[in-house]
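Peer 1: I would like the entire structure built from these sequences, with the hints used as guidance.
Every letter in the sequence shown is one number past the one before it in my numbering, and letter 46, counting from 1, is 46.
Incorrect hints may have been included.
What the hints assert, rightly or not - Cut-off 20 Å, straight-line C-alpha distance, at most; resulting in silico cross-link-like pairs (EDC-like, lysine to aspartate or glutamate): (1) K63 to D74; (2) K63 to E217; (3) K122 to D89; (4) K193 to D163.
Said to hold, decoys possible - Estimated spans, in silico, between C-beta atoms of each pair: (5) A71 to I242: 26 to 36 Å; (6) Q59 to T238: 31 to 41 Å; (7) E209 to R244: 18 to 28 Å.
Calculated directly from the structure, the hints in this document are not laboratory data. C-beta: ideal position from N, C-alpha, C; glycine also.
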Amino acid sequence: MITIPHSCHKSWPPSFPITSSKSCASLLFTAQNDRPKIANTLNENNETKQSSAGRIKRQVLTKDGRTKLDAFSDREFYAYPRFVTHVDDGFITTLTNLYSQRLRPGSEVLDLMSSWVSHLPKEVMYKRVVGHGLNAQELAKNPRLDYFFVKDLNQNQELEFQDGSFDAVLCTVSVQYLQQPEKVFSEVFRVLKPGGIFILSFSNRMFYEKAISAWREGTAYSRVQLVVQYFQCVEGFTQPEIVRKLPEAAGAAQEERSPFKWFTRLMGLLSGSDPFYAIIAYKNFKPVHE
Numbered sequence: 001m002i003t004i005p006h007s008c009h010k011s012w013p014p015s016f017p018i019t020s021s022k023s024c025a026s027l028l029f030t031a032q033n034d035r036p037k038i039a040n041t042l043n044e045n046n047e048t049k050q051s052s053a054g055r056i057k058r059q060v061l062t063k064d065g066r067t068k069l070d071a072f073s074d075r076e077f078y079a080y081p082r083f084v085t086h087v088d089d090g091f092i093t094t095l096t097n098l099y100s101q102r103l104r105p106g107s108e109v110l111d112l113m114s115s116w117v118s119h120l121p122k123e124v125m126y127k128r129v130v131g132h133g134l135n136a137q138e139l140a141k142n143p144r145l146d147y148f149f150v151k152d153l154n155q156n157q158e159l160e161f162q163d164g165s166f167d168a169v170l171c172t173v174s175v176q177y178l179q180q181p182e183k184v185f186s187e188v189f190r191v192l193k194p195g196g197i198f199i200l201s202f203s204n205r206m207f208y209e210k211a212i213s214a215w216r217e218g219t220a221y222s223r224v225q226l227v228v229q230y231f232q233c234v235e236g237f238t239q240p241e242i243v244r245k246l247p248e249a250a251g252a253a254q255e256e257r258s259p260f261k262w263f264t265r266l267m268g269l270l271s272g273s274d275p276f277y278a279i280i281a282y283k284n285f286k287p288v289h290e
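Peer 2: Pasting the structure below:
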């Protein structure tokens with residue numbers, strides 16, 4: 001795993017163990033593989049009882065549902081940077097406002113499947129923002145990232161951070177590409193602090209050949225329910241909260257039924273506002289802040 005700090009002048013956080021040290025131009029870090037076990041309070045016999053929190057209760061996707069039209073490596077597909085936004089300004093504004101409401105200043109944030117922009121509110125300062133993606137050039141351009149790492153989550157779902165490392169995990173318009181979402185969500189649960197938030201957002205756009213079959217063949221409603229099931233299949237997440245902002249609500253259902261309009265909107269060939277969906281859940285409990 002290649003991990004690069006955004007600035008050479010920032011020290012490496014204690015929760016990121018360093019096993020090698022090189023020049024700031026080419027830092028290579030290997031995170032420790034040992035994970036501390038999660039245990040709850042002692043039972044009556046003073047025996048340590050293993051917690052089931054974070055356990056995958058069931059598989060959501062079938063084997064066919066995980067398939068992609070383009071079966072070649074995702075690393076190859078994302079080898080060249082795309083310095084574009086994949087949703088419109090209305091979607092981005094809605095997402096940034098949501099982050100303003102839900103992410104507390106000073107939080108430690110993990111931005112999964114990120115790119116050259118994280119859509120975080122500019123006026124809010126966070127303790128650290130760590131980015132993940134498949135293109136190092138895009139991540140290096142992201143001004144909000146303190147550090148980033150490049151990794152294919154469809155090949156290896158392990159997040160090489162200690163348990164409880166982050167207050168928040170974000171995933172923006174990328175969930176449709178995960179072939180092992182159950183394992184990824186379980187790992188997100190592990191690296192979140194108790195009460196930590198996971199905000200997952202998406203619209204109706206995608207790289208069609210790279211989206212999994214269960215997403216490609218679904219509707220707006222079924223995709224929302226699919227992500228809800230991703231949360232529900234992991235022991236310990238709170239009941240998922242659904243946030244929607246739909247354009248032209250009166251005509252949305254008709255547009256969904258029109259194959260031509262659906263396909264052209266999917267490929268970004270028609271103008272108009274992108275629908276906004278966000279699914280939100282917390283690790284163990286939802287905190288109450290004054």
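Peer 1: Hints first: check each against the structure and report whether it holds.
Peer 2: How the hints compare with the structure:
no.: 1; hint: K63 to D74; in the structure: holds (18 Å)
no.: 2; hint: K63 to E217; in the structure: holds (14 Å)
no.: 3; hint: K122 to D89; in the structure: holds (15 Å)
no.: 4; hint: K193 to D163; in the structure: holds (8 Å)
no.: 5; hint: A71 to I242: 26 to 36 Å; in the structure: holds (32 Å)
no.: 6; hint: Q59 to T238: 31 to 41 Å; in the structure: violated (21 Å)
no.: 7; hint: E209 to R244: 18 to 28 Å; in the structure: holds (27 Å)
When held up to the earlier numbered hints, the structure conflicts with hint 6 and nothing else.
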